[in-house]
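The chain contents come next:
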Amino acid sequence: MRRRLPDALIETAEFGQAVAIGDARVSFHPAGHILGSAQVRVEVGGEIWVVSGDYKRQPDPTCAPFDVVPCHTFITEATFALPIYTWDPTTAVIDEIVEWWRTNSAQRRPSVIFCYVLGKAQRILAELLPRLTEADGPIHLHGAMVALTEAYRASGIRLAPAERITDTMRGAALARSLVLAPLSARGTPWMRRLPNASIAFASGLMRVRGVRRQRAFDRGFVLSDHADWPSLLSTVAETGASRVFVTHGWSDAFARYLRETRGLDTGTLRTAFEGEAGELTAPEEPE
Amino acid sequence: MRRFSQLYESLDRTTSTNAKVAALVEYFREAPSADAAWATFFLTGRRLKRVVPSAGLREWSQEVTGMPDWLLGECYSAAGDFGELIALALDAIPPGPPQPERSLASWVEDRLLPLQKADLAAQRAMVIEWWLGLPRAERFLLNKLLTGEFRVGVSHTLVVRALATVAGTEPTTIEARLMGEWMPSADWFSSVLTPSADDEADPSQPYPFFLAAPLEDPPETLGDRADWLVEWKWDGIRAQLVRRAGQTWLWSRGEELITHRFPEITAAATHLPDGTVLDGEVLAFKDDRPMPFSALQQRIGRQKQVAQVMRAVPVVFVAYDLLERDGADVREQPLSARRASLMPLTAADSVLRVSEEVEGSWEQLAALRRESRERAVEGFMLKRRDVPYGVGRRKGAWWKWKIDPLTVDAVLIYAQPGNGRRASLLTDYTFGVWHEGQLVPIAKAYSGLSNAEIEELDRWIRRHTIERHGPVRAVEPVQVFELGFEAIAPSTRHKSGIAVRFPRMLRWRTDKPAAEADTLENLRRLIR
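Quick mapping for you: the protein sequence lines, in order, are chains W and S.
With the working numbering applied, the first sequence corresponds to residues 1 to 287, in that order.
With the working numbering applied, the second sequence corresponds to residues 1 to 528, in that order.
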């Protein structure tokens, strides 16, 4: 927060620590989305509402796991709320990344993964840490990723070693590298240092082949910091909420599905943001 | 099928054509011939005759995944491909007993083809068993084989290049061997790879078509007018008429046999000497002038020709070129020589006629071209007199000098996601023009915008959606586009009372307010 809003007045609270605001008791609970991401629980006179914010249920070494908070009304995200969005286990996706990187290295081709600068990049680094061997090439970061990555390290998150790409690095110096960069770097002169790179994109959007091909990525790694269809359904059930408001992404479809098949009282909330689902067409936003 | 699935993956994971050809070459060298034959069949865009009804696939996928129909529709708008949608959605379902590995040929011949004749219940049981028993990649491929939508970003040309590399022959030889009708088999595949050209060829085989490139520069840049043969560009079906072994075949450019659709052409062809192949255009022609393409469509649509339709829409074969004479391939001769041999085979008023040469200087032609619409043609074809008949689309020898399209300024009113690689982007647009204070839909268009414009418009649409009906979004009537189209005709099937041919977006008129877009009255005035 401090990096994005340097002048803001920020008051912090531990997870689970209740703060009284008028008649309301307000507390934060881990959302498992990225480091520090939280759900907000609001209790007034025994009536409990929970706002999930962005969340996921897969384990993530960079943040505390999602905590199910029982409530009466649950406001959930629905970025990937369609049955076609089911995530494979993270280990399987990391296996794919490692295999791709090693194959490229052997052909002396750099491997570039485009991903969000906050959250996804650090999650990939953390997942790669136990996989690295002596034989692997170096990991490099686009300049835009360095500050947030250092902030993660400073918070005690263990990440694979990664170095900023400097202006003099190009060609042979990067032939065996794995490079993490924001999507906005694609098609800029910065990419000229990586002439024959294999290009990948890490996002839940890569679940659909047509989306990857339209943007001409060689590889798409289906790695999302949002909940997939099965975990959206199980999360709604576990909260025990009888009323659910849905926001972001496929909110109309998810609200209708919950209403028709689960008999829940549902509604949708409008938003100007499309999160990861709008990642390819929207200007860069934090997840 | 594992090997074929791996080939598919390698093709899908690169955007380099060389890498794709290399993957194909490796597959064709290593796979058993029967598998390679079927792979060639599918990769060149052929499809099995319907194995199971598509309504069945939809119903069974709902049954297995428990998805209501509307949710399946939402998934389709995100995935853009039905086969992929099912493959993905089944990940959320516990798998069934694994299917044993079997070769591609065995999948097609022992499992899919027999299913064509099975009853619906048996089809349902088998398809569901396969869906639940195959890993995702193979489940996806199976759906591709079942639905026939086999898009993998490999062009026909790349497959031909790979086969030519494996065979050590010219791509044109392979191209010729892949034309026409064939049944994939190990023997057939071996014959495709035979090094020599000692074709005891199937007499029905046409030659690959030579195609023209669009002329972008003024015709004066082509040099001396005398070097060029100029013909009208007819708006019909490009076709090859093959007369061999006492029989006649008529092939469309899409390599489809259309002999039986046009009995009068077949009848006229019986007078051709054996061993003759003509390149030309099937044209609906009545009262000394071509009829619009929409008339010809009445003849294409039906397998059985009703006498009444044949009378209402008579056709002719307008010959452009001679490719084979007395059984000898004459494509290497210059066009002037081929035309000279062609002339005696045709007659001015018969069903088999020649496409006349148009006289006049470049300047006079430019003036004549403006009469194209009245003459029901699309402009001119310009062909160098001294060049052989080539293969595919090559610049320099043949040009199409088309008329400028008709245009209209219309307002974007609906948008929905595209298919395939345009899935999840809103790229299918509906446009309207003003009529009595309302916008009446007149055309759907999909092409003409750059990728950057598509993305900008996608963002705008998402933020200015007024209503949603399933995947279709009604948007604020703000954005004006200049649409181009080739022809306009009255229509009783459209609410607007008109139908336009080949509409596409020419320009995003960000300078024009919606109120100043065209009216239906303006558009009606264009109908001749």
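Read the hints as simulated data drawn from the structure, not as lab findings.
Careful, some of the hints might be misleading.
[Said to hold, decoys possible] Quick list of simulated restraints, FRET-style, between CB atoms:
| # | chain 1 | residue 1 | chain 2 | residue 2 | range |
| --- | --- | --- | --- | --- | --- |
| 1 | S | Asp69 | W | Gly263 | 50 to 60 Å |
| 2 | W | Trp190 | S | Ala452 | 14 to 24 Å |
| 3 | S | Glu9 | W | Glu14 | 41 to 51 Å |
| 4 | W | Arg186 | S | Asp329 | 43 to 53 Å |
| 5 | W | Pro230 | S | Gln308 | 55 to 65 Å |
| 6 | S | His469 | W | Pro138 | 31 to 41 Å |
[Claimed, not checked] Among chain S residues calculated to face chain W with C-beta under 10 Å, some are:
| # | residue |
| --- | --- |
| 7 | Asp12 |
| 8 | Ala92 |
| 9 | Arg124 |
| 10 | Phe150 |
| 11 | Ala307 |
| 12 | Arg325 |
| 13 | Asp329 |
| 14 | Gly418 |
Backbone N, C-alpha and C define an ideal beta-carbon position, used for all residues, glycine too.
> Okay, Arg186(W) versus Asp329(S) on CB: inside 43 to 53 Å?
Replying inline: 49 Å, holds
>> Quick check on Asp12(S) please, does its C-beta sit within 10 Å of some C-beta on chain W?
In response: 7 Å, holds
> So the hint says 50 to 60 Å: do the beta-carbon atoms of Asp69(S) and Gly263(W) match that?
Replying inline: For Gly263(W) against Asp69(S), whose Cβ atoms are near 19 Å apart, the range 50 to 60 Å is violated.
> Given Ala307(S) was flagged as interface, is its beta-carbon under 10 Å from a beta-carbon of chain W?
Replying inline: With a minimum Cβ separation of about 46 Å from chain W (threshold 10 Å), the hint on Ala307(S) is violated.
> How does the Cβ-Cβ distance of Pro230(W) and Gln308(S) compare with 55 to 65 Å: does it lie in that range?
Replying inline: Hint holds: Cβ distance 59 Å, inside 55 to 65 Å.
> How about Arg124(S): closest beta carbon in chain W under 10 Å, or not?
Replying inline: 20 Å, violated
> Taking 10 Å as the limit, does the beta-carbon of Asp329(S) come near enough to a beta-carbon in chain W?
Replying inline: 39 Å, violated
>> Restraint: Ala92(S) near chain W, CB-CB cut 10 Å. Satisfied or not?
In response: Status holds, d = 5 Å.
>> Let's test the interface hint: is any C-beta of chain W closer than 10 Å to that of Phe150(S)?
In response: At 13 Å from the nearest chain W Cβ, Phe150(S) fails the 10 Å test, so the hint is violated.
> Against chain W, is Gly418(S) within 10 Å by beta-carbon distance?
Replying inline: Since chain W brings a Cβ to about 8 Å from Gly418(S), closer than 10 Å, the hint holds.
> Using the C-beta atoms of His469(S) and Pro138(W), is the stated range 31 to 41 Å upheld?
Replying inline: At 52 Å between Cβs, range violated.
> Cβ-Cβ distance between Glu9(S) and Glu14(W): within 41 to 51 Å?
Replying inline: Given range 41 to 51 Å: holds, Cβ gap about 47 Å.
This entry does not satisfy hints 1, 6, 9, 10, 11, 12 and 13, going by the numbered hints stated previously.
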